[in-house]
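> Residues per chain are reported as follows:
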Amino acid sequence: MCTTCGCDDHSPLRIDGGSLHPHGQGQAHAAGQRERRSIPVEADLLARNDAHARANRERFDSARVRALNLVSSPGSGKTALLVATLERLSGEIPLAVIEGDQETQRDADRIRATGVAAVQINTGKGCHLDAHGVGHACDHLDLREDGLLFIENVGNLVCPAAFDLGAHHRVLVLSVTEGDDKPFKYPDMFRTADALVINKLDLLPHVDFDLAACEAQALRLNPDMVIFRLSARTGEGLEAWMDWLCAGRPQAQQADDRDEDELETLRRRVAELEARLQRAGLMSS
Amino acid sequence: MHEVSLAREILRILQEQARMQGFGRVHRVHLELGPLSCVDPEALIFAFEAVTADTLARGARLELHRPPARGTCRHCGHGYTMDSLVTPCPRCGGPGRILSGLEMRVRDLEVSGGHAGTSREG
Ligand SMILES: [Zn+2]
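Sequence lines, in order, name chains A and B.
Numbering that gives the first Met the number 0 applies: residue 0 is where the first sequence begins, and numbers increase by one.
Numbering that gives the first Met the number 0 applies: residue 0 is where the second sequence begins, and numbers increase by one.
Among the hints, a few may not be true.
[As the list claims (entries may be wrong)] With a straight-line Cα cutoff of 20 Å, these simulated DMTMM-like cross-link-like pairs (lysine to aspartate or glutamate) come out: (1) Lys-184(A) x Asp-82(B); (2) Lys-124(A) x Asp-15(A); (3) Lys-124(A) x Asp-39(B).
[To be verified] Partial pick of chain A residues on the chain B-facing surface, computed with a CB cut under 8 Å: (4) Ser-37; (5) Ile-38; (6) Glu-41; (7) Gly-123; (8) Gly-125; (9) Cys-126; (10) Phe-183.
Calculated directly from the structure, the hints in this document are not laboratory data.
The beta carbon of each residue, even a glycine, is placed where N, CA and C say it ideally should be.
Taking the hints into account, I'd like the entire structure generated from these sequences.
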């Protein structure tokens, strides 16, 4: 039984094909008085999700796990990017994956083939993951210290935007086979993502995709966005992405007890990354 | 289609309020929906009707209130009304930082039935 939610809805969520947990609850009753009255409520629709997200974040922080929420439209190559990433990091840092998908187990199977533990959340008709489902999925995972947790959201650039999962970063994966005007078409998602991966770079010569225009739109919506250009298939550009993944540790309130050497290393890495971005003309001056 | 999730959340709030504030029926829901919230109003109303069909809020009206969104320029600090997430600063053309307009909040309800002031069945 989870503490924040009570789980009294008829959730269509399935974790690894099974239910979240068995339960049942009564209905509100209808009765007598006829006259209408007005009552104040002031309840935010996202408050419950945000409470779950906060609980998830605390859990990740106390386990010293850095969590990433990966969002994209269908067909962006998000799972391929994840597989390529896991293959390179496997054995070096503890890894875990939560796979969001409406119906199938296919993506989780692809992840497990890399040897990394994966939990599948099937959302049924739901077009996005929510923090509640992610919390339950974490119960099925072994979150080990200083590791990375990848949460692959349902392929959809609209609905997942509003739902904080408690991850430290939201990474938006876009491929050059999609339109370069996606940022302005899906502004909420670009506004709320802190990193943008432009995938399938190897196909750029064959498509009509204006990289600079796309990045300018994205930065207009979110000037602080970090941008990576890469090809998960050929491995081109993966290095900068991997460096970024490994450079940070969970949003550290542990910063105090981290020794100076480690901080110095981190600072150097950040400076390197910034320099690299600047060289590529990706950062506004 | 996250409008369905949001409609389900509205219903959950109504059921919780019914237990806390002791009413049996909901006739009207006043919802503040910021113009930058990326919610399709028609889809939300449709979803609300669907998810409340057999509940304490069957037939209830979902009234949307849409106060203008406010932003402030990231370059010159000018405050202005934002029509979209990318409305530029009217003074210098710079990008805006959103101050309000993302709200999704049940403000108040018109209800009947139950016993005002009591909180549990039985
Ligand atoms: Zn300005």
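> Work down the list of hints and note, for each, if the structure agrees.
Evaluated hints:
{"no.": "1", "hint": "Lys-184(A) x Asp-82(B)", "verdict": "holds (15 Å)"}
{"no.": "2", "hint": "Lys-124(A) x Asp-15(A)", "verdict": "holds (16 Å)"}
{"no.": "3", "hint": "Lys-124(A) x Asp-39(B)", "verdict": "holds (18 Å)"}
{"no.": "4", "hint": "Ser-37", "verdict": "holds (5 Å)"}
{"no.": "5", "hint": "Ile-38", "verdict": "holds (5 Å)"}
{"no.": "6", "hint": "Glu-41", "verdict": "holds (6 Å)"}
{"no.": "7", "hint": "Gly-123", "verdict": "violated (11 Å)"}
{"no.": "8", "hint": "Gly-125", "verdict": "holds (7 Å)"}
{"no.": "9", "hint": "Cys-126", "verdict": "holds (5 Å)"}
{"no.": "10", "hint": "Phe-183", "verdict": "holds (6 Å)"}
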